[in-house]
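Undergrad: The chain contents come next:
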Amino acid sequence: MSLLATSPVLRRERRPLSFWLLGAVFAAFVLFLYGPMFAIFVLSFQGPEGGLTFPMRGWSLHWFAQLWEGIGVIDIGAALRRSLLLGTVVMGLTVLFSLLAGLAYRKKLPGGTLLFYVVVASLIMPSIIVSLGVGLMFRLLDGGVKLWLEAHWPEALDTFTTTLGMFSSGLGAQLTWTLPFGLLIMFAVFNRFNPAYEEAARDLGATRWQTLRHVVLPLIGPSLVGIGMFGFTLSWDEIARSSQVMGDVNTLPLELQGLTTTVTTPVIYALGTVTTLVSFAVMGLTMVLMAVWRRRQGRR
Amino acid sequence: MKPTARTAALAWLQAAPLAAVFAVFFLIPLGLIGMVSFWQATDYELIPAFSAENYLSIFQGCGDSLVTAGQDTCVTLKTYASTLKFSLITWAVTAVLGFAIAWFLAFHVKTQGMQTLLFIVCTVPFWTSNVIRMISWVPLLGRNGLVNQTLLGLGLVQEPVEWLLFSEFSVVLAFVHLYTMFMIVPIFNAMMRIDRSLLEAARDCGASPWQTLWHVVLPLTRTGLIIGSIFVLALVMGDFVTVGVMGGQQIASVGKVIQVQTSYLQFPLAAANAVILLAVVLMMIVALMRLVNLRKEL
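Chains as they are written, first to last, in the working numbering: chain E, 90 to 389; chain V, 258 to 555.
Derived from the structure by calculation, the hints contain no laboratory data.
Treat the hints with care, since some could be wrong.
[Stated by the list, open to error] Across the chosen pairs, the derived CB separations fall in these ranges:
1. V/A306 / E/F127: 49 to 59 Å
2. V/G291 / E/L173: 30 to 40 Å
3. V/D452 / E/T252: 52 to 62 Å
4. V/R400 / E/L203: 47 to 57 Å
5. E/L306 / V/L374: 23 to 33 Å
6. V/Q369 / E/V234: 49 to 59 Å
[To be verified] Beyond 12 Å from chain V on every Cβ pair, some chain E residues (computed):
7. S149
8. T177
9. G201
10. G294
11. F319
12. A329
Where a beta carbon is used, it is the ideal one built from N, C-alpha and C, also for glycine.
Starting from the given sequences, assemble the full structure and let the hints guide the process.
TA: What follows is the structure, given as structure tokens:
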């Protein structure tokens, strides 16, 4: 039987009908995924007279120039810089905390199962609930801080506004969303990791730290870059968990969500094109980094 | 210290940052929601108390509307009915679509390179902004959009079709657009683990393709299907962004109620709503998990 199955002539069976039907479904799905995005990409190059829909009235970079100048009172440049900065911090912490936790789970971690369930619960928890909870916690904290200031440091009471902010509540809320992905990837990585390399290093007299630094980290490096990409892009596009916790300022996706109801010109498509390009640039950069890293390992 | 105790301590030291994030930004906030849901509030401050008033006001009139015939359903039940409806429709569509696509990738695409490539093609949009993916339907479905232009041009309709955008239809469409990925990934993962000789055995024993699907592949991909279902149901049940943007801010959802109440600083009421939503979502998840375990025991 196995002889028949591997024989090249007999194995080339005719494609069944289901192949063509499912192939058509798949093609339609890809068109469904990418078609609309391609439409706004094209429409962001509308001429100055153009509207939100086809046909194109000339081609120009007019709407990108408009975007650069800002939309109404909203400083898009500042929001973009804030989002980039927050995304970078989230990325760094996601990689670091996931790596450490991943290493912890390779040892005996009492209560590790419980922690894992909490992480998974955070992943599937409706985001509005997390956002509400974190926002609430910081508002209650505000109340506490105000009481304390009143009692001990009344002069500072006037300048104190809130503990809510991008790098306090905002950062924490986003980490509850990025860390589950990071930890799950770490599990996948270490499941396939061959401990023989570490044993060899230890047998050759390497310390724990040397083994980690010179053996483990270079081997799992490409995956860490992948976690970094997850961390950045998830933060860069995050709305639901960020919505109640950013304090006085807004990230780019939050501004964008507000703009959907008010803006009626292609400038919003230009903004969409720019944010999508940033996402793609991060992804492309990640792929290149991972490929370079893998190749360097191969050469050694 | 004994070596095992030392490793355990070291392990916890390493897990500490991650554990701290979830303790401070996940567990404590959830506890606070539970606590504040029993509090009272004025326009500008929260009043610690213990009363069920928030819950009572949420369900006010609901009892009557269920008993008395002809009376309108109360707002809360209506909102939940609408949210559940979106969840179930989205779940059904994404499950069937996700299963079909995963099937194509897992069983019809022969080379691994091609499989990886097509899989990446399916997951790339996940990395881009949800809001952008939503508004990208505007030039297609709007009053003067491409679909209406085509329909008018072909003479199929005399007036532009209005229900394409900012309607329940567009909300479901956006959900399917955004969340099918969450079905494809776990189902594909489960299918890739199926031993191919099982399919061959089924065929050799005379099973039709449908019988193979129903009696061999579906039971073996059940876990993937259920993981995907949990994701999709939890995402849609708590959603407020998609319903807001694609529903033209006209359609109610539980998540949107919570968001609006929060922005008006009605925290106790929002917290009570969040507790109820959490209970409903948990019940759905527990029911789904039962589905896995029960079958395993049989």
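Undergrad: Next, verify each hint and record whether it holds.
TA: Structure-based check of all given hints:
{"no.": "1", "hint": "V/A306 / E/F127: 49 to 59 Å", "result": "holds, 55 Å"}
{"no.": "2", "hint": "V/G291 / E/L173: 30 to 40 Å", "result": "holds, 36 Å"}
{"no.": "3", "hint": "V/D452 / E/T252: 52 to 62 Å", "result": "holds, 55 Å"}
{"no.": "4", "hint": "V/R400 / E/L203: 47 to 57 Å", "result": "holds, 53 Å"}
{"no.": "5", "hint": "E/L306 / V/L374: 23 to 33 Å", "result": "holds, 29 Å"}
{"no.": "6", "hint": "V/Q369 / E/V234: 49 to 59 Å", "result": "holds, 57 Å"}
{"no.": "7", "hint": "S149", "result": "holds, 17 Å"}
{"no.": "8", "hint": "T177", "result": "holds, 16 Å"}
{"no.": "9", "hint": "G201", "result": "violated, 7 Å"}
{"no.": "10", "hint": "G294", "result": "holds, 19 Å"}
{"no.": "11", "hint": "F319", "result": "violated, 9 Å"}
{"no.": "12", "hint": "A329", "result": "violated, 6 Å"}
The structure fails hints 9, 11, 12 (numbered hints given earlier, in ascending order).
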